Each structure stands twice: as C-alpha cells, then as structure tokens.
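Sequence order for the protein chains is A and B. Under the numbering used here, think of the first position of the first sequence as 1, with each following residue one higher. Under the numbering used here, think of the first position of the second sequence as 1001, with each following residue one higher.
Hints in this document: simulated from the structure, not taken from any laboratory. Accuracy of the hints is not assured; some may be wrong.
As the list claims (entries may be wrong) - Simulated restraints, written as ranges between beta carbons of each label pair:
(1) Glu5/A <-> Thr1038/B: 17 to 23 Å
(2) Gly1003/B <-> Arg60/A: 22 to 28 Å
(3) Gly1003/B <-> Gly52/A: 29 to 35 Å
(4) Gly52/A <-> Asn1071/B: 14 to 20 Å
Claimed, not checked - Below, a list of computed lysine-lysine pairs in the DSS-like style, where the Cα atoms sit at most 30 Å apart:
(5) Lys1057/B <-> Lys99/A
(6) Lys70/A <-> Lys1057/B
(7) Lys70/A <-> Lys59/A
This one's a predicted model, so the numbers in the text were calculated from it and none came from an experiment. Backbone N, C-alpha and C fix where the C-beta goes; we use that ideal spot for every residue, glycine too.
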Amino acid sequence: TQLLEQSPQFLSIQEGENLTVYCNSSSVFSSLQWYRQEPGEGPVLLVTVVTGGEVKKLKRLTFQFGDARKDSSLHITAAQTGDTGLYLCAGYHAGNNRKLIWGLGTSLAVNP
Amino acid sequence: KAGVTQTPRYLIKTRGQQVTLSCSPISGHRSVSWYQQTPGQGLQFLFEYFSETQRNKGNFPGRFSGRQFSNSRSEMNVSTLELGDSALYLCASSASGGADTGELFFGEGSRLTVL
C-alpha cells in the first residue's frame, strides 16, 4: 500500500502552460517535502511545508499543504523546458517521524 | 560546501557477485540514508545510519547491509546479486537525521546493472 499517492503519474505539456500535480494520503503527516529529480541526478529539495493550509511560493512554483495535513499540491505557472523532471513528494508520518514516506512521483515533460 | 559524493557512478555485475557502494556525506552531516530507486517501485528506503549506528531499516533482505565510519562516510553492500537488484542506489545525508522536517541532500547515485 502506497501511503502517498501522486497524480498524475505522467504529464506532457507545452511550454507556457500551467499544471498542477497532487500528493494525497489518508494519513496525517507532520510535514511534507517536494523534491525534483532530473535524469542522472539525485532528488533536490524544493520546499518543506509543515502547517495545515500553508502556501509557499518559489518563483513560478506554488506549494500548498492541505488543512488536514493529509495532502499537498504543486502548481507550476507558465512551465518552462527547465521544469522537466520527476517531482516527488515525501512526508514524515505524524505517528513516526523517523522514516520519510515517499510517493512514486510525477514525471513531467515540458516540450518547447 | 561540497555535496554528497557517491562512488562508483556506474557499475555492471553478474548474478551471484557482490558489490560495495560508497557515500561521503556533506561535511558536518552525521546521518546517512540509502535508497533503492527503480521505475516501478520508486524510492525504497534501505537503511539509515547516525553516528555509526543503524537507526532505521527498510524491508530488504539480509543480502543488503551497510555501515558507517567515524568520519560519517558510509558504505552499503549487496551480496549474491540478483537481476532484480538492478537499480539506482541513492545516498542522502542530513544534519538532523530523521527529525520531522529534516531535509535530505542526495548524491547523484550509483547505477547498478546486474546481468
């Protein structure tokens, strides 16, 4: 059973389009992290959200943590080819803050 | 500040052999975690070491083992390799090591192919 479900699994869009990817769970998380992984590289942390309802912005990327701390979303405005990569969400379960739980990721391709 | 360094980057082994992968964490980081990444399973947690002690372990068979040295460098070993062990093995270091907002810094990974 995957504790963190990411959707969509794959996404292919044109440069300039907007998109939203989701990270959902039936469990409560004390915090959620979003990472981006480019081919041949390890994941790189984009943001950590810790408070229910929290919204964080990183240039064209907007991250939201659900009020109940069970889900999160990542919205990209005016996508660029450099946004291409695998987007992973990961969270520390409220009941076990030692082990990071990972989603399977959303593979995003932004075409010129 | 140097990042996480993993060696080797690529390696090819045959079934039944064993392999050792190395990871040098960011200076000052005492926690090192290992992950196996495959297209179908995503990132699977192998184990975490903190100050030379294994603090957490995933659900992998005993063929997978690791250790951490006093300088925080870590190695993982896989014995009796199977075809299914082909994967990208990622090492991540952390300053806090498992705190509930702990950021992980990943290396570029070691790509293992088992023939």
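task = Starting from the hint 29 to 35 Å, judge whether the C-beta atoms of Gly1003/B and Gly52/A obey it.
result = The hinted range 29 to 35 Å holds for Gly1003/B and Gly52/A, with Cβ atoms some 33 Å apart.
Do the beta carbons of Gly1003/B and Arg60/A sit within 22 to 28 Å of each other? Check passed, 25 Å falls within 22 to 28 Å.
| said: Can you confirm whether the C-alpha distance between Lys1057/B and Lys99/A stays at or below 30 Å? | reply: At roughly 9 Å apart (the allowed maximum being 30 Å), Lys99/A and Lys1057/B satisfy the hint.
request  = For the range 17 to 23 Å, tell me whether the beta carbons of Glu5/A and Thr1038/B fit it or not.
outcome  = Once the Cβ atoms are compared, 18 Å apart, the range 17 to 23 Å for Thr1038/B and Glu5/A holds.
Holds or violated: Lys70/A and Lys1057/B, Cα atoms, limit 30 Å.
holds, 24 Å
Range hint compliance [Cβ, Gly52/A to Asn1071/B, 14 to 20 Å]: violated, 40 Å
Hinted pair Lys70/A and Lys59/A, Cα distance within 30 Å: holds, 25 Å
The earlier numbered hint that this structure contradicts is number 4, and it is the only one.
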